[in-house]
Structure formats: C-alpha cells, structure tokens
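What the sequence shown shows, in our numbering, is residues 6 to 202, in sequence order.
Mixed in with the good hints, there may be bad ones.
[To be verified] Listed next, with one range per pair, are the computed distances between beta-carbon atoms:
| hint | residue 1 | residue 2 | range |
| --- | --- | --- | --- |
| 1 | Arg198 | Arg161 | 50 to 60 Å |
| 2 | Tyr183 | Arg57 | 42 to 52 Å |
| 3 | Leu74 | Ile33 | 13 to 23 Å |
| 4 | Leu35 | Ala194 | 45 to 55 Å |
| 5 | Ala32 | Ala194 | 42 to 52 Å |
| 6 | Leu77 | Glu52 | 28 to 38 Å |
| 7 | Glu52 | Met187 | 45 to 55 Å |
| 8 | Leu172 | Ala194 | 26 to 36 Å |
| 9 | Ile33 | Leu77 | 36 to 46 Å |
| 10 | Ala32 | Leu74 | 16 to 26 Å |
| 11 | Glu52 | Val10 | 41 to 51 Å |
Quick caveat, the hints were computed from the structure, so don't treat them as lab data.
These numbers were taken from a predicted model, which means no experiment stands behind them.
Think of the CB as a built atom: it goes at the ideal place given N, C-alpha and C, for glycine as much as any other residue.
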Amino acid sequence: MVERVWSYRGEERANLMRILAIACFYAIELVNRHGLNLGFIEFPPVEGVDERFHAAVTALAVAWVASALGVLIMMRSRRFPTTLKYITTTVDVVLLTSILLIADGPRSPLVITYFIILAAAPLRFSAGLVRYTALATIVGYVVLVGDAWLRRPETRVPRYQQLMTILALALAGLALVYLMKMLREAAEAYAARREAP
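Make the full structure from the sequences, and use the hints.
What follows is the structure in structure tokens.
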C-alpha cells in the first residue's frame, strides 16, 4: 500500500516536471524562432527555425501538454492504473524523439532531455520502470542515430559520441536501479523498526 501511495505521488511530481519542462523548452523554441532583445542581452532568431519547423514543434508540444493534462485529470479522479507510469514514459520518449527527428537529431542539445526523462523515473518508486525508461531512452536515441545515417547525414555525430551517449544512458539507468534498491531496503528497515515493540 505504501509503495502505491509513493508511486502515485511520484507520478504527480513527474507530471509537474513534465509540464514545467515543456513550458521551458517551448519558451526556448519561441526565442529561437523570433529572437529576443532585452537590451543588455540579445538572442537573434536561429537560422533554420522557420514557420514549418515551428508549427511542427508547436503541434508536438501541444500533444505533450494534452497528455500531461490527461494524466492530471485521471489522477484527480483517483484513476491510477499501475500501467500509467509506463504509458507516460513511453509518450515522453516518443514525443521527444519525434521533436528531435524534425530538429537536429542526435546533434541537437535537446538530446539531454532523455536524461531528464530517465531521472524522473525513480520518482514513481519502481525499479522496473527505471529499467524500462533506460531501455526506452536508448531506443529513442538509436532511432535518431539510424535516421541520421539513413536520411539526414548532416545530423550525424561521430561514432564515439553515439556510444558515449548510449553508455551514459545505460549507466545512469543502472545507478538509478541501485538507488531504487537502496531506497526500498531503507523503507523496509524503517517500517520494521516502527512495527517493533
């Protein structure tokens, strides 16, 4: 029962992070599209961020926010299927990969967002989800590398960079699984102490 409550609260926090991340990254997209001049600092519009690209990113961002609002509505109505954390993680990885496929693929600085998705997985208190998320983010990145190889050679990155990114995702996932194990052991030890006379 405690694990289910922690998982529920973790999904709430992950969903809040999701909405915050979408808002922040979309604000950067708006600056890239239109530029920003604050007087003391100026960001000129980024070349290549045209109306078509902006419309595609906007559509994907709207879909992402809609999925987050759907999760919020489900949770507020106390519907919390055990598969929800896997569904939301899959949606996160698919939408991020979709954005990267229309952007600069594996060359994009947005690739680091795979690590944010992976870092949010332990919030749901599920080692299985952490393993799944590590695998899903690696698959998403491999899709980008494959797309660059087959369709858009201008977005290719060196092989060592590909391997380092995949290895970093795998090792981060492994570290988070170990963290989950330690948290579970600590929670069980705490519960045993509270029950002891």
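* To do: Would you pick out the hints that fail for this structure and give their numbers low to high?
  => 9
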